[in-house]
Amino acid sequence: MTGVSVLLAIAAGLFAAGLFGVLARRTILMQLISLEIMLAGPALAFVAAGAHHGMVEGTAMFLIVLALAAAEVALGLAIYLQLRRDAGDGDADAARRLRG
Amino acid sequence: MLAYLLLLVPTPPLAGFVLLALDPYRLDRRAVRAAALVAGCAPLVVMAPMALAHLTGFWGDQIAPIFTLHVGNYEVALAVGLDTLSAVTALTVTFVSACVLIYALDYMSGARNADLRRFFALMNLFQAGMLSMVLAADSITFFLGWELMGLCSFFLISYNMTSPRAFAAGQKAFVITRIADAALLAGLLLLFLEAGSVRLAELIPAGAALDTARGPLIAALLLVGAMGKSAQFPFHTWLPTAMAGPTPVSALLHSATMVAAGAVLLARFAPVLAANDSVAAATAVAGVVTALFGAASAVAQTDVKRLLAYSSISQIGYMLVAVGVGVPAVAMAHFVVHALFKSLLFMASGVLAHAGAGGTSIAALRGTARRAPISFAAFAAGAASLAGLPLVTAGWWSKEAILASAFEAGWLGLGVWAVGLTAAALTAVYAFRPVFTALRAPETETPRGRESWLAVGPLVVLAVLALAGGLGVKPLTELLGGHPPHPALWVELAGAAAALLGIAGSAAVTFLPALAGRVARARRLRAGLQMDARYYALLVRPYRRFVRRLSGGRGEWVTRVVAPGRGTEGVERELEGAVRHARQPEGATSDPVGQATVVLGLWVWRALLLPFSPDRMDMAWMQGARGIGRAAERARRLQTGRVRDYALALALGLAALLLIGWGMTWR
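Heads up: the protein sequence lines correspond to chains A and B, in order.
With the working numbering applied, the first sequence has no gaps in its numbers, which climb one by one up to 100 at the end.
With the working numbering applied, the second sequence has no gaps in its numbers, which climb one by one up to 667 at the end.
These are calculated hints, taken from the structure and not from any lab test.
Treat the numbers as computed from the prediction; the structure is a model and nothing was measured.
Note that beta-carbon positions come from the ideal geometry of N, C-alpha and C, so glycine has one too.
Among the chain A residues that face chain B by a calculated CB cut under 7 Å, a handful are:
| id | residue |
| --- | --- |
| 1 | L19 |
| 2 | V22 |
| 3 | L23 |
| 4 | A92 |
| 5 | D93 |
| 6 | R96 |
| 7 | L98 |
| 8 | R99 |
Chain B extracted, bound-state conformation (with noise of 0.2 Å):
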């Protein structure tokens, strides 16, 4: 029974975002943010005994089922389960998520014209969907709580209404992480239909134990649908992007939830990955590429939020590594270190911005070292455990785990670690330049700032961990069931040289003047190797003119009906050459054969297409609509309001129901 205290943990948020949203109570702005922290730190006070209880050993593995359904041989049964691996992170995603929230309550207090209420609504909606999606036991509440994210992330991220670029970035957000949802719905459901259950300890054994054509194929849509999420090359257009937002959302989105929801996934279907030797190897390697591209784009950064964007994607790039060399336990250790640094770096940078002289420019930063200390030293902190500072910070310590564990993978891991050890340089050059640019001189002189204790105390705390967590990575590793590689020395001896040589780049990078203006001269890099600008001429704008081909030039036919035989002008356009030239009388001697395709296809279009166009179906559809209306007008006229009326109807229904009864025992 004490297992249906799980349920407990995502309903809070939940309840805030229902609170929230209805707001029967019209809550003033301090009831708002009260009800937000309530609901966003709940989870953390109910999540912590429970998981240390299991991690200890004390509790076993847990499942609460909440509905089941038996249909023929198969099974539907929603549940949410406790065991390790949803132990931790749900741990880290509950207390991440404290964090940011209470951050959120000052940052967004002083945020001009904020609509509190919206803002920690979704916050509260989003931390529900994280949640119920790593505590799931079953494929459908797991799919539920990571489309829910989904639909939060575009929201929050479109957070500004009234800037179109916010709603451009998160319209490709939801865009791009539908592509990838669709490749994992179908994933599970193939899934589904070879298990018949959807309880996810049924449906890993099975997928793993496939040995059809179907396991690569459900491993690499599975693959698919953690890639889109993760922003891992080639989805990851929609993450630097996603910096519209504000600070707080990207510090939730982009450490323990969100984009680490792919990673979470692919430990939890692991087993299935394990099992298929060809997808595990493309694991591996697109994670690979995705660190070594988004730690040279985060290189040429001159944002901070976006640098840190690319990180967050290279980062999470070496999760997938860890996961494809077959070590998934490593993987989940690196994910609590990152969401642990990710948030701590995203926060201290959104203080660091407010102190510094606006926007989040890098050189903006300038001078914050002195205007606002404790957080420079926060960030300082957890830019020192994204680059790896050797042995004294967490982020060593389990990229560390990371890069050995590929090296000892083969001859393909060979490769990956080489490559995964030069992003490691990189990363290194990246991390440190915002720190190198805040110590730097201001150019002009302004007193210290005030850091309210709400922003700040977070911080610390995260800070403290992001450096001491180092300690905790080995046994996390043994909890989740994985072996921490025992490497050679010079291969560790390797890993911290090319930290210690990326902050020295870094360094220079920030000081000589001859390769900060290469830095700054690098906008290919800086674009993402301008993947984005490809995907609008390749994809974006064909779909469009083919959209509006079909909608003849205008959308919205669907609201009101278009006289038969409009609406098609763009198709008759675009075969109007054609026409001309097979109605010339020189044109029909000269090419026979062609013209008699052209007159053929027009036959097609006009017996076949032109009757549905403008569709018939969104006319015939709109009728019945309209008819809805004109019956409720007339239905309306019942209403009277004479009482004699309403007595007379009375009257006769009784009739008529004397009439059904005395009817029915008549013989």
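Looking at chain A on its own, in the form it has when it is part of the complex (with noise of 0.2 Å):
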């Protein structure tokens, strides 16, 4: 196997575990870093893929990728601490207003 492999399956390995994070979890606050995990994996693959051919648009990925997580934290942790103060606690599945 040759670099570039490892660092794509480390890179599905994160996005998976990650995804495991977001369904597995309850508390919005590991949600969260569960999902800054998962964002992790493709970032990771972009430099990789980017480092293999030479080129310098897979690094520029990568720091969009960094905005797009920083706005989502925020936006996740506003929903956070409104759950907070709605419910009491950080249970997503409390949450369930939607039911039908």
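Need the complex rebuilt from these two chains, each delivered in its own frame; the hints are there to steer you.
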């Protein structure tokens, strides 16, 4: 297995671990951390692919992903605070008013 | 491109309907009235310059295609168009309906607990229907407008939803016009098959050029359609009961729209009728019979609105006569004049009824000449025009043109002329009965009432036109491509004499107690020869019984599943006597042949019909419908409301997409 394949496998693993965290954890804080891990996977893949092809776009995409992650965390924390205020704790499953 | 301005004629009322019907802004009464007024008068503002430009020859025939579809040899092309006929009719319709709407603003706001929003929404939709019909350049738009009017007439006649009478009247109007509309639809479809296009410009020549048996068939179907909409004998029964609707509805329905639509249809398809002599003759005869019948029935009425209803029937009969004797231009001239004076009569009678002792009976009008002088003068002008007072009224000029044209149309025309003349005399008799009654001194003295300018304004305008419009009859006929008849002097004198004689007769009927008593006792004539009761006994009741039998005495098995084997008692009870007879030993021996038929019938019943009763189709359908409900019940469980579940669904969906994508590239 060449270097880039190892890195891509690690990226996929990061993504899968993050996804598992989002699905398995109920605390919003933990879900946000898992989301960050999920984002780290593609970011790593971008950097690895950019290095492999010798192009700078991969690193540039990493910066964009970083900005995206920051924005997402800002929103996520706002939701977290609102939920704390409403339900008293950070349980994501408690907010289920959309239930059919 | 300017032709597309034509689209702006039916659109404002349609927009008014949408606005008022959906009412997104929760308009108050004042805003509802304003919206209805703008939507109702805008067509006139748009139409008047266009019609005048066309009629003065400044602007030629226009056509504005909306949508075109070619299927094989057939062409489906929706379009609106402007030619002389549509210019004249659309101008009349927009003008009269604007007058009626202005009047209705005042009239309806006085009515108790009136639902103005519903009323004006329907009035606007009605206007849109009639306008799209008269401006249509293809049979589909034509039929759509035609049907839209039928629907709106149902809603407007049954506007007063708390009155079962109004509802029954609306239902009757709807069903009877529907029967005739079926004939019209069949005629239009046959024409379409012949011409291969829905454009009226191609349909009508193709229909006129037909020399197979289909030609008369199509013409007859069109005639039946027109007769139903125009409440011609024997379809007339819906119109007098339609008086259950509010007065502005009657004024709109009976003058320029709805009932007059039949005359417009026949004038539009006049070449098709003219190509088939027998159908043209039938049109003339049907028209003159209706004219006489309507006039005679109107004489015996005691209610002023019913009197006017029979008079509409009778006057449209005259238009049919004109089309039948081959002068559709004269028919349209009479259409314009009739629209003016009939809307005037209805609206004025509404004001007079409010001013009088209450109610719309003729006797209640006593003394209203003093209480509401302007409205009375307007009513008298309308009545004079209806009666055809010689020289000074528009009604005389157009009716005289019809009678003279009939006189010049051969031996059949001579008969039609004679009957039409009698009807004209009777017209004068009934037209002046309310006028003379209103002139009589009231039983109790009451002060002069207030006449709102909003109600009186349209009346005055219409009254002037109903009198002075006679000057326009001849130019109008020539514009429409007809030749005004030039009858002998004595024919004209006979027409004038008929009207004057009728007015004298009217005075006699009103002021001589002996004659007035006879009119009051003419109950058979008042009920329109009791055609209504006969239809009920002959058609409605048996049909209802038939339906009830089919549904097993309950009308509701569509909504709930009935166990098989039930719902059949009706038929078996009918057969019971025969069954018992067949099962008797002596019955069997005495009549083996009769027994065989009964046994065979029962076998057919059990083997073939019982499995379908109560209708398996319905049961399957309802089961399917209920299945959807159950499926939805299950489907809603998917909506857990938990973010994690949705995230899982997203992830699974993404995985599935990736798998599919991978599978597509995999070799």
